[in-house]
Amino acid sequence: MPERFLEQGINFKGQDFELIPFGAGRRICPGLPLGNRMVHLMLASLVHYFAWELPDEITPEDMDMGELFGLTLHRAKPLKAIPIKSL
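Numbering of the sequence shown is given in the numbering used here, commencing with residue 1 and proceeding in unit increments.
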């Protein structure tokens, strides 16, 4: 973080718009497009190279699909999946 922001006590998750240089206009973070592509590539690789199964004690009908609302949407209960090497 640049020194000009260190002493201001800015809340990253709040409504403080002082951090707008990190995410808008021509001053946007140059690594943002690369990071976005890498996340999609890694997820696609995991889906492609593994067959995914549920643990023995969980059936698809018993899965809790509840959601927690906030700034982003989260599952109320984390999904547990077992990767099985397929390639």
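Be aware that a few hints might be false.
What the hints assert, rightly or not - Have a look at the derived ranges for each label pair, beta carbon to beta carbon:
id, residue 1, residue 2, range
1, ASP62, HIS40, 29 to 35 Å
2, GLU7, ALA81, 42 to 48 Å
3, THR72, MET38, 17 to 23 Å
4, ASP56, PRO30, 44 to 50 Å
5, ALA44, LYS80, 30 to 36 Å
6, CYS29, ASP64, 15 to 21 Å
Simulated from the structure, these hints should not be mistaken for laboratory data. Given the structure is predicted, the values throughout are model-derived calculations rather than measurements. All C-beta atoms in this analysis are idealised placements derived from N, C-alpha and C, irrespective of residue type, glycine included.
Against the structure, the hints come out as follows:
Checked against the hint of 29 to 35 Å, the pair ASP62 and HIS40 passes, with Cβ atoms roughly 30 Å apart. For GLU7 paired with ALA81, a C-beta distance near 44 Å keeps the hint of 42 to 48 Å intact. Distance hint check: the CB atoms of THR72 and MET38 are about 19 Å apart, consistent with the given range 17 to 23 Å. Distance hint check for ASP56 and PRO30: the Cβ-Cβ separation is about 46 Å, which falls inside the suggested range of 44 to 50 Å.
Checking the proposed 30 to 36 Å range against ALA44 and LYS80 shows it is violated: the Cβ atoms sit about 21 Å from each other. Checking the proposed 15 to 21 Å range against CYS29 and ASP64 shows it is violated: the Cβ atoms sit about 36 Å from each other.
Consistency with the previously given hints fails for numbers 5, 6, ordered from lowest to highest.
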